[in-house]
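Please work from the sequences and hints to get the whole structure.
With the first letter of the sequence shown counted as 1, position 4 gets the number -5 in our numbering; the numbers rise by one all the way through.
Bear in mind the hints are in silico, worked out from the structure with no lab data behind them. Where hints are given, some of them may not hold.
Said to hold, decoys possible - Derived DEER-like restraints, expressed as beta-carbon distance ranges:
id, residue 1, residue 2, range
1, H107, G(-2), 36 to 44 Å
2, A13, F112, 15 to 23 Å
3, L53, H107, 37 to 45 Å
4, T24, M52, 29 to 37 Å
5, N56, H107, 19 to 27 Å
6, K109, E5, 37 to 45 Å
7, W48, V8, 20 to 28 Å
8, F7, S43, 15 to 23 Å
9, Y79, R(-7), 15 to 23 Å
10, R63, V17, 18 to 26 Å
11, V8, L116, 15 to 23 Å
12, C110, V8, 23 to 31 Å
13, R3, T87, 38 to 46 Å
Stated by the list, open to error - Once the Cα atoms are required to be at most 20 Å apart in a straight line, the calculated EDC-like pairs of lysine to aspartate or glutamate come out as:
id, residue 1, residue 2
14, K109, D15
15, K100, D82
16, K109, D82
Only a predicted model underlies this, so the values are computations on that prediction, with no experimental measurement involved. Using N, Cα and C, we set each Cβ at its ideal position, and we do this for glycine too.
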Amino acid sequence: YRFWIQGPEAGRLEPFVDLVGAPDGVASGARGTFWVAMPSPLPWSFMAAARSRRARWLVGMLPRNMHPAPARVGMLAQISNQGRVLRYMLDSEGRTINMLTSVNEHNHKLYLGNLHEKCAFVYNL
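Encoded structure:
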């Protein structure tokens, strides 16, 4: 969602972007874009529930042991300031990097962090 802080839309909350994963870390990128780190794709059941406020509430009430296990993949998305997905980057088997939680762009490189490694990964753009 996008929350307007100032201007004529101040205080308004609106849908911003539809992603295939659960967003975790969000950072501004070059040329007015955003990078979103996603530790895991969203299960189809959660995607379906996301369309209904009542279903989201019900899913949120489920005990942790009933939540689906996260898939071991590495997922990033670059988003325009209009909420359009410009590109997805995916390590579908999670062999190089998985469970991404942070991303930062600097000098044509992405610096990536995750939950399991004791280091940062660097990806040349």
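Review point. Which hint numbers doesn't this structure obey?
Key: 3
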